[in-house]
Amino acid sequence: SQTIHQWPATLVQPVGSPLSLECTVEGTSNPNLYWYRQAAGRGLQLLFYSVGIGQISSEVPQNLSASRPQDRQFILSSKKLLLSDSGFYLCAWSRPGTGSYSPLHFGNGTRLTVT
Amino acid sequence: DAKTTQPNSMESNEEEPVHLPCNHSTISGTDYIHWYRQLPSQGPEYVIHGLTSNVNNRMASLAIAEDRKSSTLILHRATLRDAAVYYCILRDRQAGTALIFGKGTTLSVSS
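If you're matching them up, the sequences are chains H and E in order.
The numbers in this note's numbering rise by one with no breaks, and the one at position 32 of the first sequence is 32.
This note's numbering runs 1000 ahead of the 1-based position in the second sequence.
Chain H extracted, bound-state conformation (with noise of 0.2 Å):
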């Protein structure tokens, strides 16, 4: 069966350190690979995805960066942390070229504060 690794559960990093968060799957290969966050109170807004190995779409410009540097390992990297990164940031996979109809499954998250 496949699983879906992230850590840390939680972080407090001070403004202007560096992020690294890291997420794995097992079980599948060429997953596609998703990371997410989610400010408190509000809802949950797509960072990046990735269909295979060097391969990046970002939604959404910011502060924040991905690489996939193994078929089943997503880094989410920051170089200098934000006040506003602050938030739960979840991780998730989804079975590759099955389009519309597969479901991602998603990791328990980290909870990054940026103090």
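Certain hints may be false.
Claimed, not checked - Residues from chain H shown here face chain E by an in silico Cβ test under 10 Å; the list is partial: (1) Trp7; (2) Pro8; (3) Phe48; (4) Tyr49; (5) Ser102; (6) Leu104.
To be clear, the hints were calculated from the coordinates, so they are not data collected in a lab.
Backbone N, C-alpha and C fix where the C-beta goes; we use that ideal spot for every residue, glycine too.
Model the placement of chain E on the given structure of chain H, informed by the hints.
Just chain E now, with coordinates in the frame of chain H:
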């Protein structure tokens, strides 16, 4: 993705059925209707999806209007654990298309 409209909130009593409506009047012929729910402090969880016919699974039922301009998620017997934000999302057939979440419906369940 086409837009959906859901009530901001709904209330239910435990062990009663819950009907969560969703309007999607601009749906295209290739859009699938997906439902997800998000419990507090957790990532969204897939509930059900469909294209034209009504769908049932262990979690819920999805009733789709004949013209596909609306749908209803049915929880047959609400429990306290069903209290969550429920999202109705349209998703087209492009491979790799991500889900665009709206504000959803916050369901409260009382004992």
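How the hints compare with the structure:
Interface hint status for tryptophan 7/H: violated, as the beta-carbon distance to the closest one in chain E is roughly 13 Å, over 10 Å. With a cut of 10 Å, the hint placing proline 8/H at the interface with chain E is violated, because the nearest CB-to-CB distance is about 15 Å. For phenylalanine 48/H, the shortest C-beta to C-beta distance to chain E is roughly 9 Å, which falls under 10 Å, so the interface hint holds. Against a cut-off of 10 Å between C-beta atoms, the interface hint on tyrosine 49/H holds, since the closest Cβ of chain E lies about 5 Å away.
Restraint check, serine 102/H versus chain E: the minimum CB separation of about 9 Å is within 10 Å; hint holds. The beta carbon of leucine 104/H is positioned within 10 Å of a beta carbon in chain E (closest approach about 6 Å), and the interface hint is therefore held.
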